[in-house]
Amino acid sequence: MNVNNYMSLQFISKSENEAFARITVAAFVSQLDPKMNELTDIKTVVSEAVTNSIIHGYENKPDGMISISAKIEEDTVYITVEDEGLGIKDIEEAKQPLYTSKPELERSGMGFTIMENFMDKVEVKSILGKGTKLTMMKRIESKKALYN
Amino acid sequence: MSLQLQISNQGEALIVRLQGELDHHTSELLKTKMENAIEQEGSNHIVLVLQDLSFMDSSGLGVILGRYKQITNKGGKMVVCNVSPSIYRLFEMSGLFKILTIEEDVEQALSSLGVVS
Numbered sequence: 001m002n003v004n005n006y007m008s009l010q011f012i013s014k015s016e017n018e019a020f021a022r023i024t025v026a027a028f029v030s031q032l033d034p035k036m037n038e039l040t041d042i043k044t045v046v047s048e049a050v051t052n053s054i055i056h057g058y059e060n061k062p063d064g065m066i067s068i069s070a071k072i073e074e075d076t077v078y079i080t081v082e083d084e085g086l087g088i089k090d091i092e093e094a095k096q097p098l099y100t101s102k103p104e105l106e107r108s109g110m111g112f113t114i115m116e117n118f119m120d121k122v123e124v125k126s127i128l129g130k131g132t133k134l135t136m137m138k139r140i141e142s143k144k145a146l147y148n
Numbered sequence: 001m002s003l004q005l006q007i008s009n010q011g012e013a014l015i016v017r018l019q020g021e022l023d024h025h026t027s028e029l030l031k032t033k034m035e036n037a038i039e040q041e042g043s044n045h046i047v048l049v050l051q052d053l054s055f056m057d058s059s060g061l062g063v064i065l066g067r068y069k070q071i072t073n074k075g076g077k078m079v080v081c082n083v084s085p086s087i088y089r090l091f092e093m094s095g096l097f098k099i100l101t102i103e104e105d106v107e108q109a110l111s112s113l114g115v116v117s
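In the order they appear, the protein sequences are chains A and B. Quick note on UniProt numbering: the first sequence kicks off at 1 and runs consecutively. Quick note on UniProt numbering: the second sequence kicks off at 1 and runs consecutively.
Please note that the accuracy of each hint is not assured.
Unchecked claim - From chain B, some residues computed to sit far from chain A (all C-beta separations above 12 Å):
1) Ser8
2) Arg67
3) Gly95
Unchecked claim - Each computed DSS-like pair below joins lysine-lysine, with the alpha-carbon atoms no more than 27 Å apart:
4) A/Lys89 to A/Lys61
5) A/Lys102 to A/Lys130
6) A/Lys102 to B/Lys33
7) B/Lys74 to A/Lys14
8) A/Lys95 to B/Lys69
9) A/Lys121 to A/Lys89
10) B/Lys31 to A/Lys95
11) A/Lys95 to A/Lys71
12) A/Lys102 to A/Lys89
13) A/Lys71 to A/Lys133
14) B/Lys69 to B/Lys33
15) A/Lys61 to B/Lys33
16) A/Lys133 to A/Lys61
17) A/Lys102 to B/Lys74
18) A/Lys102 to B/Lys69
19) B/Lys98 to A/Lys95
20) B/Lys31 to A/Lys102
21) B/Lys98 to A/Lys102
22) B/Lys31 to B/Lys74
23) B/Lys77 to A/Lys102
24) A/Lys95 to A/Lys133
25) B/Lys74 to A/Lys61
26) B/Lys33 to A/Lys14
27) A/Lys14 to A/Lys61
Read the hints as simulated data drawn from the structure, not as lab findings. A virtual CB, placed ideally from N, CA and C, is assigned to each residue, including glycine.
Next up, chain A with everything else stripped away, as it sits in the complex (with noise of 0.2 Å):
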């Protein structure tokens, strides 16, 4: 298929950069002239995604590197977000709603519930001790008509 376009970007496992993740994939994904609602749900899980990177990846240490990529194909949208972390130990188990493996850090348990919710399709690889890769796709409703 037809890539539309391509962006990456890498930074380091530091929370102030959740912020800057997931404004520069909404202005990224914008170009598809998305609804707000929609724009919202992105920016939501590049927060989740990269929030899980850099407490359970890799345990609130500043040293890690998160890279992020995303791509436009017609009214798709993908995003990656993989970090070289710890990895997760049971994928089911992280996805139930609720679960958390980090109760005294007052985690609700939400966030790979909200990713699924919000996103069409949600692809989780981990490897122990080698990090985790989230593969996440979306189709925006309000460019539907125009490829149809």
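Put chain B on the given structure of chain A with help from the hints.
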């Protein structure tokens, strides 16, 4: 974009107004400030005003749930008001709307707590 908070007292209630973006980074600040205010002021109830909160994710849910537990452990109540549709959706998804009292605005929040405004 950061988070600003304005904390005031009305009767037994601590009114906390949030402005900006509530994520993992800014939730730490909110947690500390609210924890201290609840202890120092000896407040019985919390009113959380989300009118000017332009963004929130699951870290926000975590910190709100944490303060809910803190105040209910003291026998108090927490009311959230001026909730935007996108934030309400997160409350629904997490089941938080079942335990939190949600009101239209500060006046209604205070009157539901029996605090004269």
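Do the hints match the structure? See the list:
1. Against chain A, the non-interface label of B/Ser8 holds: every CB pair exceeds 12 Å, the least being about 24 Å.
2. B/Arg67, annotated as away from the interface, has a beta carbon of chain A within 12 Å; the closest lies near 9 Å.
3. Interface exclusion of B/Gly95 from chain A breaks down, the closest Cβ pair being 8 Å apart, not more than 12 Å.
4. The hinted pair formed by A/Lys89 and A/Lys61 meets the criterion: a straight-line CA distance of about 19 Å does not exceed 27 Å.
5. Taking the CA atoms of A/Lys102 and A/Lys130, the gap is about 20 Å. The hint holds against a cut of 27 Å.
6. Note on A/Lys102 and B/Lys33: the hinted pairing holds, with a Cα-Cα distance of about 22 Å set against a maximum of 27 Å.
7. Taken as a hint, the B/Lys74 and A/Lys14 pair is broken in the structure, with Cα atoms around 35 Å apart against an allowance of 27 Å.
8. Restraint check: the Cα-Cα separation between A/Lys95 and B/Lys69 comes to about 24 Å, which is no more than 27 Å; the hinted pair holds.
9. The suggested pairing of A/Lys121 with A/Lys89 holds, with an alpha-carbon distance near 21 Å, which does not exceed 27 Å.
10. For a cut-off of 27 Å, the pair hint linking B/Lys31 to A/Lys95 stands: about 25 Å separates their Cα positions.
11. Taking the CA atoms of A/Lys95 and A/Lys71, the gap is near 25 Å; set against the 27 Å cutoff, the hint holds.
12. In summary, the hint linking A/Lys102 to A/Lys89 is supported, as the alpha carbons are separated by about 14 Å, within the 27 Å threshold.
13. Straight-line distance between C-alpha atoms of A/Lys71 and A/Lys133 comes to about 15 Å, which keeps the hinted pair within the 27 Å bound.
14. Restraint check for B/Lys69 and B/Lys33: satisfied, since their Cα atoms lie roughly 16 Å apart, inside the 27 Å limit.
15. The hinted pair formed by A/Lys61 and B/Lys33 meets the criterion: a straight-line CA distance of about 23 Å does not exceed 27 Å.
16. Using a Cα cut-off of 27 Å, the hinted pair A/Lys133 and A/Lys61 holds, with the two alpha carbons roughly 18 Å apart.
17. With a C-alpha separation of about 24 Å, the suggested pair A/Lys102 and B/Lys74 falls inside the 27 Å cut-off, and the hint holds.
18. The suggested pairing of A/Lys102 with B/Lys69 holds, with an alpha-carbon distance near 17 Å, which does not exceed 27 Å.
19. Distance check on the hinted pair: B/Lys98 and A/Lys95 sit about 22 Å apart at the alpha-carbon level, within 27 Å; holds.
20. Annotation: proposed proximity of B/Lys31 to A/Lys102 holds, straight-line Cα distance about 16 Å (limit 27 Å).
21. In summary, the hint linking B/Lys98 to A/Lys102 is supported, as the alpha carbons are separated by about 23 Å, within the 27 Å threshold.
22. Our distance criterion of 27 Å between C-alpha atoms is met by B/Lys31 and B/Lys74, whose separation comes to about 17 Å.
23. In summary, the hint linking B/Lys77 to A/Lys102 is supported, as the alpha carbons are separated by about 26 Å, within the 27 Å threshold.
24. Restraint check for A/Lys95 and A/Lys133: satisfied, since their Cα atoms lie roughly 14 Å apart, inside the 27 Å limit.
25. For the given pair, B/Lys74 sits about 34 Å from A/Lys61 by alpha-carbon distance, which is inconsistent with the 27 Å threshold.
26. With a CA separation close to 21 Å, the supplied pair B/Lys33 and A/Lys14 stays within the 27 Å bound.
27. Taking the CA atoms of A/Lys14 and A/Lys61, the gap is about 8 Å. The hint holds against a cut of 27 Å.
The structure shown violates the earlier hints numbered 2, 3, 7 and 25.
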